[in-house]
Amino acid sequence: MTGTISAPADTAFVRMTGITKSFSGVHALRDVTLDVHLGEIHALVGENGAGKSTLSKVLFGVYAPDAGEVLVDGRPRHGGAAASAAQGIAMVHQELTVIPSLSVGENVLMGIEPAHGWFIDRRRLTALARTYLERVGLDVDPRRPAATLSVSGQQLVEIARALAQDARIIILDEPTSSLGPEDARRLVGLMRELRDGGHGIVLISHDLTEVLEVADRVTVLRDGRLVASDRASAFDEDALIRNMIGSDVSAVYERGDRSAQRIAPNGPALRVDGLAAPGVVSASLQVAPGEVLGVAGLVGSGRSELLAAIFGATRATAGAMELFGEPYRPRRPGDAIRAGIGLVPENRKEQGLSLDHSIQHNFELAALDALSRGPWVSRARGAELYAAYAKRLRIKAPDPGAPVATLSGGNQQKVVLGRVLATGPRVLLLDEPTRGIDVGAKAEVHRLIRELAESGLAIVMVSSVLQELLLTCDRIVVMRGGRTVGELDAASADEESVLSYAFKG
Amino acid sequence: MSTQLIESAPVTTRPASRIRSRAGGLAELGPIAAFAVLLVLFAIIAPNFFTVFNLTNVVRQVSITAIAGVGMTLIILVRGIDLSVGSLAALTGSLAALSLAADPAGHSLGGAVLAVLLALAVGAVVGALNGLLVTVAVVPAFIATLATMTAVRGVALLVTDSSPVSIPDGPYLRIGLGDVFGVPIPVIIMAVVFGLGYLVLHRMKIGRRIYAVGGNPEAARLAGIRVNRVLMFVYVFGGICVAISALILSSRLSSGQPAGSVGLELDVIAAVVVGGTSLFGGRGRLAGTFFGALLIGSLVNGLQLLNVPDYWQRIVTGAVIVAAVVLDRLVRRDRTTS
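First to last, the protein sequences are chains A and B.
Take 1 as the starting number for the first sequence in the UniProt record's numbering and just add one per residue.
Take 1 as the starting number for the second sequence in the UniProt record's numbering and just add one per residue.
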């Protein structure tokens, strides 16, 4: 299916052998071997913490391996990350490094700006940047400030920068995770073009469908060890997942039990009618106790903004909301919490947790009033409540006094969820509840969502992963351009029907 | 005797016992260890340093920066800063002096109480002004308090006609100069303020909110915390702490000095930062601020006793601040990567 040259092993541009790396005595990588050829897309997959990022950072020179050898074009890799460009290696990090106040062109040619002596040659810079932007298919004026670009545009700028540095190997860390389907598809096309143009691509991705579609070879890591490495055609998704988690798939992707009552006799828990707010043009939905309502749509379609408005994090400018039949108009998140609405935000590191602080303190934050007598916090009650939720949500943390940053993504997410549940909500808003957590933890979160619904909560869940919505929800509303444009029964819907609403309304 | 004074302050012993129980407490021990080294060093080389009289004097002096440091610690914990400390100390000290000088009863106890209340109220009002500029006008704290620093100094000079106001002999002077059972009153006040600060930060809801807002403002907001109220609280609290420092200072000088305390905010910020509180917010402790103030205070005192010229004192103090912060960073890095 691909025009890849099946390169003999000895032509590998990058050859990593016996790479071992540990942090504070914990092995992140053990004896891992990886070859990357020019003209191939080599995908690295594995759960969070499996060692994908560490391996790519060893290649990029961020970490020096404790043992093992990295050969680039036949010579030992030398120097830190700053020496990578000279050796033909570039990396596009998950957190983009575009400098917003500089122009697009300056970002593309950062560090290699054409100049007369000490002065930058603007005309040549613009012209040169334009050629690289064309190669990545980004049609913007290089003089534009980089801040005005979308996330996908900024990503393309970084790839253009890699090309400008004449990189032979480009490492892409989760390049499509923050893109909508359309941009993701364009990026996949670009990866193929770069490969066919003779570049080697290391693709780190959680999206297995995409990996199987685009990669020539796939290497699976688990707990820092290489567990499988073969041509992509040798795998299917189930096989990849089996290798990633080391167990059978069927247990992981178990379809939720939909026996929950669909329509409550007493009407909806939450009803939103023609709501307008920043990022939301007009949204209507209702959700009943015991029901999970999914919100689908492309990135930027106003899904998160809708949740923010329901939660009072932004002010609604028009429309009406009702909570159990009572008019509801929150002015700030505190109003929503008191009224019985909880929000698990999209980005737990930026919006959910104070990472330096203890698990216990992060957990208590929203329920402080309930844990206090007058102005005084009761530590005993806090510890008791945490213990109860840690048990119920199966939070795996040895010491609640430890910084929350020491937990895995899945457990961090459960701390946020526990904090929200501790406020006693009747309506739960979940924004991308499984983003950035392990396959195993994802399945657990899905189960928890169903359990919570069965206990009588009304749940509204936003997700970019359609499969997750189809698995977990009872109904799905689709948003496009800030409007709710359709509603589907999750039992009979499939990815195509949801996407057709998302794209065409 | 005087070393016992230091150790018996409630704030310093309690967190010290927690430090041992927490992994990575080494970073928080930094200022204490540095202070101990300095103490031993000066006891050996500086004549008259390790005497009851001198150490009592050091602690009296230190109390002024340490008390203002309690407020500053809270402000820095929420990622703020307060540059108006010196000006506000001058204003509140001068107003107290003016009210005492105007007391028809000739500095009665009632007049002293009135002067104290006036100073505290003005401290709270200027703190509230800083808070409003930061929250309602959304001016960065650095700029907002730079503005109030300038304006408040102007007000101090205006109300006093630019000249010092002497305080007639009376009960007010006991605030800075008196003692109870041998314990200087400034030290008692300092212990009370630190005790109060500890309760606020570690026992009360507002303390959790202060750390949360400093650690991650957006997460705090989405957890239902009214961030602006927390910011208002710390700036008002900070203003009151400054006023308390100003009471001690004006009492020690027997006068209100409208042109005095210039740069006090920098000494206070230095004490807080040397004490290990992060300027990025969310991380720090009052015990650190106490030992930071004590470290800088005894350093200056010891150098004075050694007859080190003033300019060298400044150079050494600057170097010690840098050394303390660099050391702190190295210890922290150790903890996070090993």
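For the record, the hints were derived by calculation from the structure and aren't laboratory data.
Treat each hint with caution, since some may be false.
Stated by the list, open to error - List of simulated lysine to aspartate or glutamate pairs, EDC-like, C-alpha gap at most 16 Å:
#1 Lys-391/A <-> Asp-335/A
#2 Lys-349/A <-> Asp-169/B
#3 Lys-391/A <-> Glu-326/A
#4 Lys-349/A <-> Asp-335/A
#5 Lys-57/A <-> Glu-113/A
#6 Lys-205/B <-> Glu-444/A
To be verified - Computed spacing ranges between beta-carbons, pair by pair:
#7 Val-138/B <-> Arg-373/A: 29 to 37 Å
#8 Ser-408/A <-> Glu-218/B: 21 to 29 Å
#9 Ala-320/A <-> Val-138/B: 56 to 64 Å
Glycine included, every Cβ here is placed at the ideal spot set by N, Cα and C.
Do the hints match the structure? See the list:
no.	hint	result
1	Lys-391/A <-> Asp-335/A	29 Å, violated
2	Lys-349/A <-> Asp-169/B	59 Å, violated
3	Lys-391/A <-> Glu-326/A	34 Å, violated
4	Lys-349/A <-> Asp-335/A	23 Å, violated
5	Lys-57/A <-> Glu-113/A	26 Å, violated
6	Lys-205/B <-> Glu-444/A	33 Å, violated
7	Val-138/B <-> Arg-373/A: 29 to 37 Å	35 Å, holds
8	Ser-408/A <-> Glu-218/B: 21 to 29 Å	22 Å, holds
9	Ala-320/A <-> Val-138/B: 56 to 64 Å	30 Å, violated
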